[in-house]
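Colleague: The whole structure should be built from the sequences, with the hints applied where relevant.
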Amino acid sequence: MNKLIRFIPLILFFALGIVLFRGLSLNPTALPSALIGKSFPEFSLATVKDATNIMTKADLKSGIKLVNVWGTWCPSCRVEHSYLLELAKSKRFTLYGLNYDDERELAQQWLTRLGDPYQFSAFDEQGKLSVNLGVYAAPETFVVDDLGIIRKRFAGPLDERVWRREFEPLIIQIENERKQRGK
Amino acid sequence: MFNKLALFIVLFLSSLTIYASPVDTYEFKDEVTKIRFNALTKELRCPKCQNQNLADSNSPIAADLRREVYELLQQGKADIEIVDFMVKRYGDFVLYRPRVSSLTYVLWFGPALLLLFGVAIVVLILRRRAIPEAEKVLTVEQKNQLDNILKDKE
Numbered sequence: 000m001n002k003l004i005r006f007i008p009l010i011l012f013f014a015l016g017i018v019l020f021r022g023l024s025l026n027p028t029a030l031p032s033a034l035i036g037k038s039f040p041e042f043s044l045a046t047v048k049d050a051t052n053i054m055t056k057a058d059l060k061s062g063i064k065l066v067n068v069w070g071t072w073c074p075s076c077r078v079e080h081s082y083l084l085e086l087a088k089s090k091r092f093t094l095y096g097l098n099y100d101d102e103r104e105l106a107q108q109w110l111t112r113l114g115d116p117y118q119f120s121a122f123d124e125q126g127k128l129s130v131n132l133g134v135y136a137a138p139e140t141f142v143v144d145d146l147g148i149i150r151k152r153f154a155g156p157l158d159e160r161v162w163r164r165e166f167e168p169l170i171i172q173i174e175n176e177r178k179q180r181g182k
Numbered sequence: 000m001f002n003k004l005a006l007f008i009v010l011f012l013s014s015l016t017i018y019a020s021p022v023d024t025y026e027f028k029d030e031v032t033k034i035r036f037n038a039l040t041k042e043l044r045c046p047k048c049q050n051q052n053l054a055d056s057n058s059p060i061a062a063d064l065r066r067e068v069y070e071l072l073q074q075g076k077a078d079i080e081i082v083d084f085m086v087k088r089y090g091d092f093v094l095y096r097p098r099v100s101s102l103t104y105v106l107w108f109g110p111a112l113l114l115l116f117g118v119a120i121v122v123l124i125l126r127r128r129a130i131p132e133a134e135k136v137l138t139v140e141q142k143n144q145l146d147n148i149l150k151d152k153e
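Line by line, the protein sequences give chains A and B.
For the first sequence, numbering that gives the first Met the number 0 gives the first residue as 0, with consecutive numbering after it.
For the second sequence, numbering that gives the first Met the number 0 gives the first residue as 0, with consecutive numbering after it.
Since the hints were made in silico from the structure, they are not lab data.
Keep in mind that a hint or two might mislead.
[To be verified] Cβ-Cβ distance ranges computed for the label pairs, FRET-style:
no., chain 1, residue 1, chain 2, residue 2, range
1, A, Ile4, B, Ser13, 54 to 64 Å
2, A, Lys2, B, Thr138, 30 to 40 Å
3, B, Ile120, A, Asp158, 21 to 31 Å
Model, not experiment: these values are computed from the prediction.
All C-beta atoms in this analysis are idealised placements derived from N, C-alpha and C, irrespective of residue type, glycine included.
Modeller: Below, the structure written as C-alpha cells:
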C-alpha cells in the first residue's frame with residue numbers, strides 16, 4: 000500500500016503529460032458551430048451584382064445548398080475560388096455566395112475577373128446574416144439540406160481533398176435521407 | 000523642488016499606461032447603457048482573435064459584433080438576452096466566464112476538489128507521523144536530566 004502511494008505523483012505526472020500532449024495537436028481555431036441542426040436564418044440582402052435585387056431565404060432553391068462566405072480581403076478565398084468554379088458544375092447541390100464585410104465594386108471586379116461560381120452572392124456589408132450564421136472569418140462553407148437545416152459548417156479553404164473528406168460523405172447521407180423520405 | 004519632483008513622478012507614471020483600443024463613435028442614451036456596453040464588450044470574446052475581447056479587437060468581426068451589441072442595447076434588450084444572442088450563434092466559446100454546465104464542472108469545481116485532495120493528503124501524513132511521536136516516553140536517565148535542568152533554572 001505504502002509503495003503504491005509513492006507512485007501516485009508519477010502516475011499523475013504521466014496523466015497530465017498525456018492530456019497536455021494531446022492539447023498540442025488540437026486546432027484552437029476549429030470551433031464547433033452552435034448552429035448545426037438549426038434552420039438557416041432569415042435574411043434580406045441585395046446581391047453583389049445588383050444593389051436593387053433583394054434576396055431572401057425564399058429565393059434559395061430546394062435541394063441541397065452550399066453557402067460559401069467570401070470576401071475580396073481574404074487571401075484563402077482566392078485560393079479556393081478555382082475549386083468553387085469546379086463545384087458549381089455539379090447538379091447535386093446549388094452554390095450560393097455570402098460576401099462579407101466587403102466593398103461592392105471590389106467584389107464585382109472579383110467575380111468578373113475570376114468567374115462567378117455562385118447562383119447569387121448576397122452582399123452582407125454590415126455582417127447581418129454573417130453574424131446570424133456565427134461566421135467569424137472567411138472562407139467558411141455551410142451545408143444546408145433540402146429541409147433548410149444547417150448540417151455543417153467548415154472553416155477554411157475548400158479543395159479536392161477537403162471535399163472528399165469533409166463534404167462528400169455528408170452530401171451522400173443527405174441524398175439517402177431524401178430518398179428514404181420519398182418512399 | 001519637492002513639488003516639482005512629485006509632479007514629475009506623477010506625470011511619468013501616468014505616461015506608462017497606454018490604451019490602444021479601437022474607437023467607435025457610438026452615442027448612448029444614458030450613462031448606464033454606456034457602462035453596460037463597455038462591460039459586455041469586455042466579457043465577450045472575439046471569435047477571430049481568440050485572446051482578445053470584443054472591446055480590444057480591431058478585426059472586422061469584432062467591429063460587427065460591437066455594433067450588434069450596441070443595437071441590441073438600443074432595442075432595450077437585457078444583458079442576459081444579449082449574451083444568449085451571442086452564445087446561440089458562436090457557442091459557449093464567446094464567453095470569457097464559462098457557464099456552469101456538465102461540460103464545465105471540471106473547470107469550476109476541479110480546483111476546489113484538488114485543494115480538498117491536497118488537504119486530505121497533508122492531514123493523512125501528519126496523523127501518521129504524530130502517533131509514534133506521542134508514544135515516546137522518557138527514559139529514567141532523561142528524566143533525571145530534565146529534573147536537573149529545571150532545578151538549575153530555579
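Colleague: So, for every hint listed, does it hold in this structure?
Modeller: For each hint, the structure was consulted:
1. Checked against the hint of 54 to 64 Å, the pair Ile4 of chain A and Ser13 of chain B passes, with Cβ atoms roughly 55 Å apart.
2. Against the hinted window of 30 to 40 Å, the Cβ-Cβ separation of Lys2 of chain A and Thr138 of chain B comes to about 34 Å, which satisfies the hint.
3. A hinted range of 21 to 31 Å is violated for the C-beta pair Ile120 of chain B and Asp158 of chain A, which are about 54 Å apart.
Consistency with the previously given hints fails for number 3 only.
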